[in-house]
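Visitor: Protein chains in written order, with this note's numbering: chain A, 1 to 208; chain B, 1 to 152.
Source of the hints: derived by calculation from the structure; they are not laboratory data. A hint or two may mislead.
Covered by chain A, per the in silico footprint, the following chain B stretches (three or more residues, Cβ under 8 Å) [to be verified]:
hint : region
1    : 14 to 22
2    : 26 to 40
3    : 141 to 150
Mimicking EDC-like on lysine to aspartate or glutamate, the simulated pairs with C-alpha atoms at most 20 Å apart in a straight line are [claimed, not checked]:
hint : chain 1 : residue 1 : chain 2 : residue 2
4    : A       : Lys-152   : B       : Asp-8
5    : A       : Lys-152   : A       : Asp-141
6    : A       : Lys-152   : B       : Asp-14
7    : B       : Lys-81    : B       : Asp-123
8    : A       : Lys-91    : A       : Glu-21
9    : A       : Lys-152   : B       : Asp-20
10   : A       : Lys-91    : A       : Glu-50
11   : A       : Lys-152   : A       : Asp-199
12   : B       : Lys-81    : B       : Glu-101
Glycine included, each C-beta is placed from N, C-alpha and C at the ideal position.
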Amino acid sequence: MRSGADTVTDVETAEVDPPWEGLTGAELHAACMHAARAGDRQAMDRLVAELTPLVWHVARGNGLDRHTAEDVVQTVWLALFTHLESLHDPKALAAWLITTTRREARRPHGRKTPPLPLTDEFAESMPSTQPAPEDEALRADRDRRIWQAFTKLPQRCQELLRMTVLAGRSEYQLVADALRMPRGSVGPTRGRCLNNMRDLLSSEGGIR
Amino acid sequence: MGSISSADQILLADLRRMLDVTDPPPGDLVQRVQFAIALENLDVEVARWERMDALSGVRGGGQGTITFTVSDLTVMINLTKVGQRHRIDGWLVPAGEYGVEVRVAEHGSTSTTADEGGRFVLDEVPCGTTQIVVTVGDVSCRRTVVTPTIVL
Numbered sequence: 001m002r003s004g005a006d007t008v009t010d011v012e013t014a015e016v017d018p019p020w021e022g023l024t025g026a027e028l029h030a031a032c033m034h035a036a037r038a039g040d041r042q043a044m045d046r047l048v049a050e051l052t053p054l055v056w057h058v059a060r061g062n063g064l065d066r067h068t069a070e071d072v073v074q075t076v077w078l079a080l081f082t083h084l085e086s087l088h089d090p091k092a093l094a095a096w097l098i099t100t101t102r103r104e105a106r107r108p109h110g111r112k113t114p115p116l117p118l119t120d121e122f123a124e125s126m127p128s129t130q131p132a133p134e135d136e137a138l139r140a141d142r143d144r145r146i147w148q149a150f151t152k153l154p155q156r157c158q159e160l161l162r163m164t165v166l167a168g169r170s171e172y173q174l175v176a177d178a179l180r181m182p183r184g185s186v187g188p189t190r191g192r193c194l195n196n197m198r199d200l201l202s203s204e205g206g207i208r
Numbered sequence: 001m002g003s004i005s006s007a008d009q010i011l012l013a014d015l016r017r018m019l020d021v022t023d024p025p026p027g028d029l030v031q032r033v034q035f036a037i038a039l040e041n042l043d044v045e046v047a048r049w050e051r052m053d054a055l056s057g058v059r060g061g062g063q064g065t066i067t068f069t070v071s072d073l074t075v076m077i078n079l080t081k082v083g084q085r086h087r088i089d090g091w092l093v094p095a096g097e098y099g100v101e102v103r104v105a106e107h108g109s110t111s112t113t114a115d116e117g118g119r120f121v122l123d124e125v126p127c128g129t130t131q132i133v134v135t136v137g138d139v140s141c142r143r144t145v146v147t148p149t150i151v152l
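The whole structure should be built from the sequences, with the hints applied where relevant.
Guide: If you want it as structure tokens, here you go:
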């Protein structure tokens, strides 16, 4: 195809893959950070797409309602790109995002709006108005009970579980660093959180 | 790291599914962040949305007052819906003849300058993902303050 006279195709194939193509995790973050420091907008957009779910779940795991969490996610990203030079280790990006999000979430926001009642918030975020088949209804009911038990857990548990649920995307060491835990204690702590949750579920006559 | 019991694995899988269904990031959040950072100059301070007032009416409703603050600057805007567009009446405290820009996704931006009392008006602002950029100070010490995006 390259030998052909089709210049349009030539232009398209000449577009090289970005240097972070094929990378994952901390390697991907480091490559994008490097490019972002040189002003590469595509690299910044890639980081935002990759790590916004993490920032979101940290914000939510620290007790922010969904609207406040949206603002905090934006504030954290703007803060990152304003202070790109001060982040010395690009591989520590995810840890930086977690720490900054928690600090931002814990600021006295001057807006102590009481959290929405759990059921309302659940209803708001649950796309469940359409008539559902039996399986769907059962699953929705189960999800509702899991959500209610989850929101009764201590905040530290909620945050830890949200982060491990993102696992694959966020690694163990990352979770440990962010929660300031020795690496070996993440597993046992998570186990206790899950036991705690199972107790809450069964005390409501729920599932095991 | 230890092994995970199968009961724990099942509960984690349930939790993963439940969080994906119940509490995912809003579908347009990534795009909104990407819009918010698509600024010529990224050396900015981020103003925070003060939510002491009932703002649930503002979000989506397109009317009401929003206050943003950052260190020593407060940006107050009052939104009035006029047909499909908005009129923005704003007030900067402390007052100054500062540049104010309103960026709306896919609609470019509109600029004005606040008067010496810190007041500014922007008419005919289209609906959409919106961000306000205020340039504070004089040539010797210029700072740029931005707000998170809001959907008007």
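Visitor: Each hint should be assessed against the structure and marked as holding or not.
Guide: Right, here's what the structure says about each hint:
no. : hint                     : verdict
1   : 14 to 22                 : holds (count 8)
2   : 26 to 40                 : holds (count 9)
3   : 141 to 150               : holds (count 3)
4   : Lys-152/A with Asp-8/B   : holds, 18 Å
5   : Lys-152/A with Asp-141/A : holds, 17 Å
6   : Lys-152/A with Asp-14/B  : holds, 16 Å
7   : Lys-81/B with Asp-123/B  : holds, 10 Å
8   : Lys-91/A with Glu-21/A   : holds, 16 Å
9   : Lys-152/A with Asp-20/B  : holds, 18 Å
10  : Lys-91/A with Glu-50/A   : holds, 14 Å
11  : Lys-152/A with Asp-199/A : holds, 11 Å
12  : Lys-81/B with Glu-101/B  : holds, 19 Å
Consistency with the previously given hints is maintained throughout, with no hint failing.
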